[in-house]
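Whole structure, please, built from the sequences with the hints as guidance.
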Amino acid sequence: MSGARILVVDDERQILRALQTSLRGAGYEVETAETAETALAAAAMRPPEAVILDLVLPDGTGTEVVRELRTWSSAPVIVLSAVGDEHEKVAALDAGADDYVTKPVGIDELIARLRAALRRVTPSGEPVLTIGELELDLEKRELRVDGKPVHLTPHQFDLLRVLARNEGKLLTHRTILQEVWGPGYGSESNLLHVHVSQLRRKIEPDPTRPRYLLTEPGAGYRLVDPAGR
Amino acid sequence: MSSSRTAGVLAGAALVAAVTGLIFLLRDHVPVLGLSVLYLLAVLPAAVLWGLADAVLVSVASMLTFNFFFLPPVHTLSLEDSSNWLALGVFLVTSIVVSELAARSRRRANESTLLAEIAASLLEQRDLSGDLDRIAAEAAPALQVERVSIVVGDDLPRSAGERHPLLTGGRRVGTIVLEQPRRGSAAARRRLLPALASLLGVAIDRERLAREALDAETLRRSDAAKTAILRAVSHDLRSPLMAILTSASALARTDLALDQDDQRELVATIRGEAERLDRVIGNLLDLSRLQAGAAQPEPEVWPVDELVTQALGRLGQPGGRVKVELPDEALAVRVDAQQIESVLVNLLENALKYSPEAEPVRVQLALTPDRVLVRIVDHGPGVASQDRERIFEPFQRAGGGARGAGLGLAIARGFAEANDATVWAESRPGQGATFVLALPAARV
Numbered sequence: 001m002s003g004a005r006i007l008v009v010d011d012e013r014q015i016l017r018a019l020q021t022s023l024r025g026a027g028y029e030v031e032t033a034e035t036a037e038t039a040l041a042a043a044a045m046r047p048p049e050a051v052i053l054d055l056v057l058p059d060g061t062g063t064e065v066v067r068e069l070r071t072w073s074s075a076p077v078i079v080l081s082a083v084g085d086e087h088e089k090v091a092a093l094d095a096g097a098d099d100y101v102t103k104p105v106g107i108d109e110l111i112a113r114l115r116a117a118l119r120r121v122t123p124s125g126e127p128v129l130t131i132g133e134l135e136l137d138l139e140k141r142e143l144r145v146d147g148k149p150v151h152l153t154p155h156q157f158d159l160l161r162v163l164a165r166n167e168g169k170l171l172t173h174r175t176i177l178q179e180v181w182g183p184g185y186g187s188e189s190n191l192l193h194v195h196v197s198q199l200r201r202k203i204e205p206d207p208t209r210p211r212y213l214l215t216e217p218g219a220g221y222r223l224v225d226p227a228g229r
Numbered sequence: 001m002s003s004s005r006t007a008g009v010l011a012g013a014a015l016v017a018a019v020t021g022l023i024f025l026l027r028d029h030v031p032v033l034g035l036s037v038l039y040l041l042a043v044l045p046a047a048v049l050w051g052l053a054d055a056v057l058v059s060v061a062s063m064l065t066f067n068f069f070f071l072p073p074v075h076t077l078s079l080e081d082s083s084n085w086l087a088l089g090v091f092l093v094t095s096i097v098v099s100e101l102a103a104r105s106r107r108r109a110n111e112s113t114l115l116a117e118i119a120a121s122l123l124e125q126r127d128l129s130g131d132l133d134r135i136a137a138e139a140a141p142a143l144q145v146e147r148v149s150i151v152v153g154d155d156l157p158r159s160a161g162e163r164h165p166l167l168t169g170g171r172r173v174g175t176i177v178l179e180q181p182r183r184g185s186a187a188a189r190r191r192l193l194p195a196l197a198s199l200l201g202v203a204i205d206r207e208r209l210a211r212e213a214l215d216a217e218t219l220r221r222s223d224a225a226k227t228a229i230l231r232a233v234s235h236d237l238r239s240p241l242m243a244i245l246t247s248a249s250a251l252a253r254t255d256l257a258l259d260q261d262d263q264r265e266l267v268a269t270i271r272g273e274a275e276r277l278d279r280v281i282g283n284l285l286d287l288s289r290l291q292a293g294a295a296q297p298e299p300e301v302w303p304v305d306e307l308v309t310q311a312l313g314r315l316g317q318p319g320g321r322v323k324v325e326l327p328d329e330a331l332a333v334r335v336d337a338q339q340i341e342s343v344l345v346n347l348l349e350n351a352l353k354y355s356p357e358a359e360p361v362r363v364q365l366a367l368t369p370d371r372v373l374v375r376i377v378d379h380g381p382g383v384a385s386q387d388r389e390r391i392f393e394p395f396q397r398a399g400g401g402a403r404g405a406g407l408g409l410a411i412a413r414g415f416a417e418a419n420d421a422t423v424w425a426e427s428r429p430g431q432g433a434t435f436v437l438a439l440p441a442a443r444v
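Taken in order, these protein sequences are the chains called U and D. Per this note's numbering, the very first residue in the first sequence carries number 1; after that it's consecutive. Per this note's numbering, the very first residue in the second sequence carries number 1; after that it's consecutive.
Since the hints were derived computationally from the structure, they do not count as laboratory data. Treat the hints loosely; a few may be bogus.
Unchecked claim - Now the stretches of chain D that chain U is said to cover, found in silico as 3 or more residues with beta-carbon under 8 Å:
hint: 1; segment: 202–216
hint: 2; segment: 233–239
hint: 3; segment: 246–256
Using N, Cα and C, we set each Cβ at its ideal position, and we do this for glycine too.
Structure follows, in structure tokens:
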């Protein structure tokens with residue numbers, strides 16, 4: 001989806017300029033903002049198709065921008081975080097950011113994430129989701145791996161469904177727990193870790209070297225198509 | 001001492017006289033020999049208030065008075081009936097025994113009070129060392145020794161006196177030293193010392209624990225400060241790195257449509273940010289040198305515009321936005337050129353950072369009788385009055401937030417002061433900030 005309009009928000013002018021030049025070279029249309037306020041104003045004026053957002057801004061946090069943006073826009077947001085910002089990073093993801101990269105990051109990684117985020121479309125009404133060799137029939141609540149049926153417990157199935165519907169997107173522990181177990185959940189990460197490890201045994205060719213269900217340390221999980229990476 | 005002694009004798013005499021008067025009133029109704037027991041009313045207060053020796057004196061005085069006034073022949077100390085001698089003897093023995101019992105219970109009460117007071121004062125959370133001397137002074141009379149000293153620590157103090165360990169959980173935490181005990185006073189010490197020693201042991205140990213807790217807290221706080229500093233510094237290092245990495249990786253890709261201008265700009269960013277990184281590292285070293293007091297200036301006479309020119313050179317390309325308003329004549333200052341250039345670089349970098357990109361930063365030079373003023377005027381958001389001093393502290397930035405270490409202004413002030421110069425911020429709301437550097441003027 002080259003030509004997409006990207007809003008880049010960072011208070012370091014030099015970073016902003018480097019990103020602007022590079023992303024423009026990659027075929028994107030780039031707008032920039034240095035503060036939370038100007039970012040929200042720019043987004044309202046010309047809604048971007050994706051946002052690259054620094055977590056620490058002079059007049060607020062990236063999390064606040066995400067929260068505000070999410071009230072009217074579903075454009076993917078990639079957060080730029082630094083080591084030491086872990087809590088803020090998870091807060092931004094919980095608030096609705098789609099992904100994060102850790103500073104300093106090369107343009108290759110950033111473009112790859114941006115492409116993945118833009119490719120991700122809102123889940124269709126299709127009853128069968130196919131990711132690599134995984135075939136998930138949402139109506140019959142059945143899973144086939146490599147064509148062979150695999151039995152899942154109800155929680156395992158719901159976990160896989162939530163991840164598969166958000167293929168490629170990083171989901172935080174809190175988001176997954178609330179989607180699968182209900183709104184009363186959010187901090188029971190252990191529960192989630194156990195189910196993820198059980199699920200891996202059923203979907204991964206080698207559960208110790210997962211290719212589908214990836215761990216994002218300190219943040220959450222994402223389900224990817226190994227061939228698409 | 002003698003006046004209280006006199007008062008004691010008078011009080012004793014008054015007690016004896018009062019009881020004698022009472023017996024006079026009662027002797028027509030009660031056999032007079034039986035009334036002699038009333039003198040215990042005089043003996044007991046003496047025993048409780050002044051101790052055994054005085055009680056014995058009062059007993060003897062009572063016996064003689066009773067004999068003189070009531071036993072025939074009255075008004076003499078001799079006795080008609082020799083069996084009365086026996087009665088007086090029984091009285092004397094009784095009163096002495098009662099006195100001894102009373103005096104002992106008084107001592108015990110005093111000891112209990114002393115222990116209670118010591119316990120109370122030890123339980124109050126205070127500095128123990130002052131308390132220990134006071135407690136030692138209070139305990140000396142009760143222990144019936146000339147001098148008591150309390151020594152903290154597990155070393156055995158050198159002393160000629162009796163040394164008793166203060167133990168807690170089997171560990172020696174201190175020693176109580178008793179010097180020159182009075183004769184026949186061992187019983188008092190046997191009674192009092194174990195309780196006193198365990199009280200002191202607990203108090204000393206508790207103070208040690210409190211101190212250790214404080215040390216741990218201090219350590220934790222300095223750890224938190226270090227974490228904050230590391231975070232701030234890593235932001236300052238990572239921002240230029242991010243710009244370099246982004247630019248370099250963009251240049252390395254063959255699939256990006258970058259024209260010559262784009263490529264030139266990316267290369268310029270890499271160079272500029274590498275220089276900025278170098279300045280950040282230089283600032284960190286400068287700050288540690290300043291804080292260690294190792295920044296000895298080597299002052300020489302310099303034209304101030306030369307220093308400004310050098311500083312602009314060190315700033316590189318971003319310095320292009322700085323407009324210098326040169327005066328007609330050269331202004332000379334006496335400073336360490338390297339250090340004052342550092343001050344100027346940091347002040348200019350700060351002004352450029354906070355100014356909108358389209359606005360220039362101005363440098364104005366002026367002379368006062370003994371100072372050369374360098375004014376650096378920006379068009380940024382300005383500095384709120386409550387932040388005007390704080391921003392010169394390391395790891396502080398106006399408005400708070402976690403945006404980097406903000407070492408530049410701290411270094412500027414550090415080097416300025418080392419060179420007998422001053423630096424301060426002036427600001428009017430909405431009109432940007434002016435940083436003024438006042439350098440010592442030199443005659444050319």
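Practice task
State whether the coverage of the segment 246–256 of chain D by chain U holds or is violated, taking the criterion as 3 or more residues with Cβ-Cβ distances under 8 Å.
Solution key: With 8 residues close enough to chain U, the hint holds.
Handout entry: 8 Å C-beta test of the segment 202–216 of chain D against chain U, three or more residues
Key = It is violated: at least three residues are needed, and the segment 202–216 of chain D offers just 0 whose Cβ sits closer than 8 Å to chain U.
Problem - Coverage claim, chain U over the segment 233–239 of chain D, checked by counting residues with Cβ within 8 Å (three needed) - result: holds (count 4)
Checked against the numbered hints above, the structure breaks only hint 1 and satisfies the rest.
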